[in-house]
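With the hints as extra help, turn the sequences into a complete structure.
These are the residues of each chain, in order.
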Amino acid sequence: MSDLYAWAAIGLVSVASTTGDVLLSYSMKRVGDVGELWKSRGPLVVVGRVLTTPTFALGVLAMAVAFYSLLFGLSWGNLSLVAPASASLTFVFNAVAARIFLQERVGRRRWMAALLVAAGVALMAF
Amino acid sequence: MTFRKYLVLAGVAVFATVGDSLLARGMKGLGNVNVSLHNLSGLLLAILNPWVAAGILLLLAFFSCYMAALSWADLTYVLPATSLGYVLVALVAHFGFHEVISWTRWLGIGLITAGVGFVAAGPSVTPIHHGEIADVPSRTVFPEAKS
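Chains as they are written, first to last, in this note's numbering: chain A, 1 to 126; chain B, 1001 to 1147.
Everything labelled a hint here was simulated from the structure, so no lab data went into it.
Just so you know, not all the hints are guaranteed correct.
Result set (DMTMM-like, lysine to aspartate or glutamate): computed pairs, CA atoms no more than 25 Å apart in a straight line [to be verified]:
hint	chain 1	residue 1	chain 2	residue 2
1	B	Lys1028	B	Glu1099
2	B	Lys1005	A	Glu36
3	B	Lys1005	A	Asp3
4	B	Lys1028	A	Asp3
Each pair of labels, with its calculated beta carbon distance range [as the list claims (entries may be wrong)]:
hint	chain 1	residue 1	chain 2	residue 2	range
5	A	Asp3	B	Lys1028	27 to 35 Å
6	A	Leu79	B	Ile1047	16 to 24 Å
7	A	Ala8	B	Phe1003	38 to 46 Å
8	B	Phe1003	A	Val47	22 to 30 Å
9	B	Glu1099	A	Thr52	25 to 33 Å
By construction, the Cβ of each residue, glycine as well, lies at the ideal position given by its N, Cα and C atoms.
This is the structure:
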């Protein structure tokens, strides 16, 4: 029973955090290089521009869902299952989602990196 | 990529892993959070735990660095590149706290490091909108993923 809960939490964490990552990445690309913006216009403009990007709030909301699912998952299931499994899945989901929704060029190099890191993160649990 | 940008990426890795560890430490101390709508206060009270509070503070620092990184680099670059935090935690546990690391964890450390090397050697932004080809098309690896 607690296994089922744990895997439900893992699925929810992975999907929610991928959604959040994609929305936040999209938002920040629209804001532009914050380092340059900070230098030319100052910190207030940076914060203002980030906060007034509508997709940013949605991204934070998705991240909050992921965060609380992880908190629940950690109290239900084993830390050594829930944390690495959801982290590992998130790398794979993100590579797919970034390609589809952000039109990033996920080439052989990026795929290798995502899969190696996902496998490595999963192995770290043992 | 400038030195300052690598520092921001390092910040993402370090703040995320240390913040997560503190959170996990705090939540373990609280025991099972009874999840029902009648016990939402129990969840909100978790923030009063000092470990949880410190963890949240560090995760805020992580979030700032993460947003900065995403403003000038691809998501599929930032995520693998900042996964070195996992390796960092294991190495600190081993050399700092003399924890035994199993061979599967060493293998995991190797794979993550290799993955970071792979992505870091490539471009941080794929300028698809500027009409340049910066990376190998993915159909060479995943024919079914052809759009």
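Comparing the hints with the structure gives:
1. Lys1028(B) to Glu1099(B): holds (19 Å)
2. Lys1005(B) to Glu36(A): holds (12 Å)
3. Lys1005(B) to Asp3(A): violated (41 Å)
4. Lys1028(B) to Asp3(A): holds (18 Å)
5. Asp3(A) to Lys1028(B): 27 to 35 Å: Hint violated: Cβ distance 19 Å, outside 27 to 35 Å.
6. Leu79(A) to Ile1047(B): 16 to 24 Å: holds (19 Å)
7. Ala8(A) to Phe1003(B): 38 to 46 Å: Since Ala8(A) and Phe1003(B) have Cβ atoms about 43 Å apart, the given range 38 to 46 Å holds.
8. Phe1003(B) to Val47(A): 22 to 30 Å: holds (24 Å)
9. Glu1099(B) to Thr52(A): 25 to 33 Å: violated (46 Å)
Violation of the numbered hints given earlier is confined to hints 3, 5, 9; the remaining hints are satisfied by the structure.
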